[in-house]
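**Q** Protein chains in written order, with the working numbering: chain A, 1 to 304; chain B, 1 to 293; chain C, 1 to 276.
To be clear, the hints were calculated from the coordinates, so they are not data collected in a lab. Warning: the hint list may mix true and false statements.
Taking lysine-lysine pairs in the DSS-like style, the calculated list, with each CA pair at most 27 Å apart, reads [stated by the list, open to error]:
(1) A:K18 / B:K101
(2) C:K103 / A:K189
(3) B:K107 / A:K302
(4) C:K264 / C:K34
(5) B:K101 / A:K302
(6) C:K172 / C:K210
Covered stretches of chain A (chain B as the covering partner; in silico rule of three or more C-beta atoms under 8 Å from a C-beta of chain B) [unchecked claim]:
(7) 34-47
(8) 124-136
(9) 158-170
(10) 214-220
In this text, a Cβ means the ideal position worked out from N, Cα and C, and glycines have one as well.
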Amino acid sequence: MHSQAQNPFGPTPYERKKERASLIAKVVTFVMSMALVIPMLLIIGLIFVKGWSVISVDYLWENPRGGGIAGGIWGPLIGTFFLTLTCLVIVAPVGVLAGIYLNEYAPDNRATRAIMIAVTSLAGVPSIVHALFGLGAFVVAMHMGKSLLAAACTLAVMTLPVIITSTREALAAVPRNFREACWNLGASKWQTIRTIVLPNSISGILTGVILVVSRAAGETAPIMLTGAAAYLPLPENMPDKLMPYYLGDQFLALAMHLNVIARDVPNMPTEMKFGSALVLLCLILLINSLAIIIRVQLRRRKRW
Amino acid sequence: MDRLEKPIEYLVRLCGWSSIISVAAIFIFIFREAAPVISKINFIEFFTSTEWHPSKHGEPGEYGALALIVGNFAVAGVAMVMAFPLGLGAAVFISEFASPKVRETLKIGIELLAAVPSIVWGFIGLTVISPLLVDHAGAEIGTNLLNGSIILALMSVPLIVSISEDALRAVPDSYREAGLALGANKWEMVARVLFPAAKNGLLAACMLGVGRAVGETMAVLLATGNTNQIPHSLIDPIKTLTATIASEMNDAARGEEHFQVLFLLGILLLVITCTINLIADLVIKGMKGKANA
Amino acid sequence: MNTPAITSSILLADGVSSASTSSHQMNSPHLEFKNLSVSYGPKVALRQISIQVPKNTVLGIVGPANSGKSTLLKTINRTIDFISTARVEGSVALAGEEVTTMKNVYALRRRIGMVFPLPVGLPLTVYENVAFAPRRIGVHGKAELDEIVERCLRDSVLWDEVKDRLDMLGTKLSGGQQQRLTLARALSLSPEILCLDEFSIAIDPVTTMKIEDVLMQLKEKMTIILVTNLTQQARRMADHVAFLNDSELVEWGENEAMFNRPKKEITGRYLNGEFG
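Same shape as in the complex, but just chain A (with noise of 0.2 Å):
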């Protein structure tokens, strides 16, 4: 202690205890951040663990059987995938445009600021709600009835903030004296969006479009009012296994099928539910990554 206090340049016992109480926080933030992190790598790898026995070629290629009890999940994955793949046709081209309207065109005005205020409402509505309305809108009222043309409708509806956000945050990326530059050149407003503006947001779109297929694969609530069937017999032939509905008809989804085998099934093996949750789990792991390594790489490639 003594010999500490000659050396004008060591810490003093004031600075100590200060240096003593910078730890503790680290510590004690520390551990907080590690009491999120661990149990939900505990959970998992516990996923990971029990599902994985049940996983092979012939599980996902296979359709269920039985009301879920045996058999693969063919049919709910490939009815993710038109699922994902309709609500993409209609939520992509519509949500882009929305985007480039409110950072490109929109004047600042009330209107402007109302559409705003829409965006961050329709990101919040639960989900159970978009149900409500995609039962009431698209299988009521438009008739559509239950099917994947209906469910996709609504997964649309709830994703279009999500694209909207996104794309505008891309095209908001790109610096304001690239328009002018080109607008001073004479190019009109759509000339300079498609030749400068589009192309160097085009990652950042992307990612906001893969966000959205991440939402749609994974949704449940949506679609079990909406299209998705709890189990259906399903065609083994070969041309029609591939492609075994049609935007008319009820389907399976991923989603639906672990919310069905979950709970309501009877004698329901207990690896082959932690198989479809370890499914799909990775597949929204898979695609979210998808969308993480691009916007790395984006950050990585700057082109000013």
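Since the structure of chain A is provided, determine the placement of chains B and C on it from the hints.
**A** Chains B and C only, in chain A's frame:
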């Protein structure tokens, strides 16, 4: 090219209005289905009674939604009590203490967690948390209020962490330096300088977490036990507005009172979540306004 | 090439101007500002500006910061339209055509080359930066584009530095190179008016002198409006000099007269570097 300029602008403008059209359509179509029952239902009973017995085969039903509303807020509230302190702590760690590499890793992890579908969370509640609660917390039924709250807490933590972290990082470094220069240690600096400066953002994070938790359906449906009662302890099974709609809608046929009342629950949910989200939005706007000033 | 189709209606609207605009093309000013005022909300940016610029001359516009010089340029190619609060009164006439009410602003902007002080390389290759505007008006022939690109890059004294890396991103060039790239782009449509707003701000003195030489040659083909902070640059290049101060045109006249016998005392002080 000049020929296409105008049509494209009209198309872009039309799409620009898509969000407003969607919001309006949601209100219109949900009110349209609920309309017949709005004039008939006894709203005093609806908000004060816990008797929920949907009509069957033409018999008159009882629609007291009190327990469902209480259940909805209870599970969301308990979830926030768990999620907010932990989320805030994690946000402080990420924004103030973590090295850039650790920060990036944690943020990517949080982003991935935020993407986990709610049905997977519900599945976890049903198959992982539920047996734990029966074995270690003395619960008779593993799917209950606490189970739902734990799941909702895990689900809303990513949102809370990322918004809180944004709010903390928006505080200028000069505040931190000033706090430290005045002799505060880092702990005091966080509590006395950072939190007050970022309080709007932190509040908004909490509100958005509540909004997400109140509106959550599948996870709650699987994890809370689906029992219409006002909970007296953490391990009582409950039922929420969202789970009621999800579980009963397939039994109700269009034209029945039951079907219409479920849409009425939808309106109630819509009003609750819109209010929460708009308040959060205003709080965030207030935060931005202050930062600009 | 540019038939002044609406000249007659302008003449009717502005009877006073008939003396200057109705005479033969040769004598009429190529560009004329008349009683031009611009305000941004409550803030006045330009007050009652009247200047005539004869064809194939250089007009130097000098004045301290915030005197309205850049605003004046923006009224010429109507990029002022992008500032939602801006209000324009009075008239700008290009070869007798009224600019402020012109319908096809894209055609207008193609007739006017514009170089603003901040260098902007578009996120395209150097080649495509220069070929951008020609492509938009339908020039697609490789040979033709090659010719335009080389000519414009030579005119902006950039050719020697980039001729071996035309496929490099324009945004990766240095600030001074990007400034010259901006100039090359502005020249790519062979504009009849070339507006330069402090073009030499990011360029070294030697290159600046070279560009000035090129500009003096380009004067044969176009009318040049040169906004500059450097009064000596105006003295070297301008045929006429206009002095703007505090949103007003203090005075304008021939180069020699402005520098040697200014009518107002403040002009002399500014041009001799005593304030600003």
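**Q** Hint by hint, work out which the structure violates, then give me just those numbers in ascending order.
**A** Of the numbered hints given earlier, the structure breaks none, since each of them holds.
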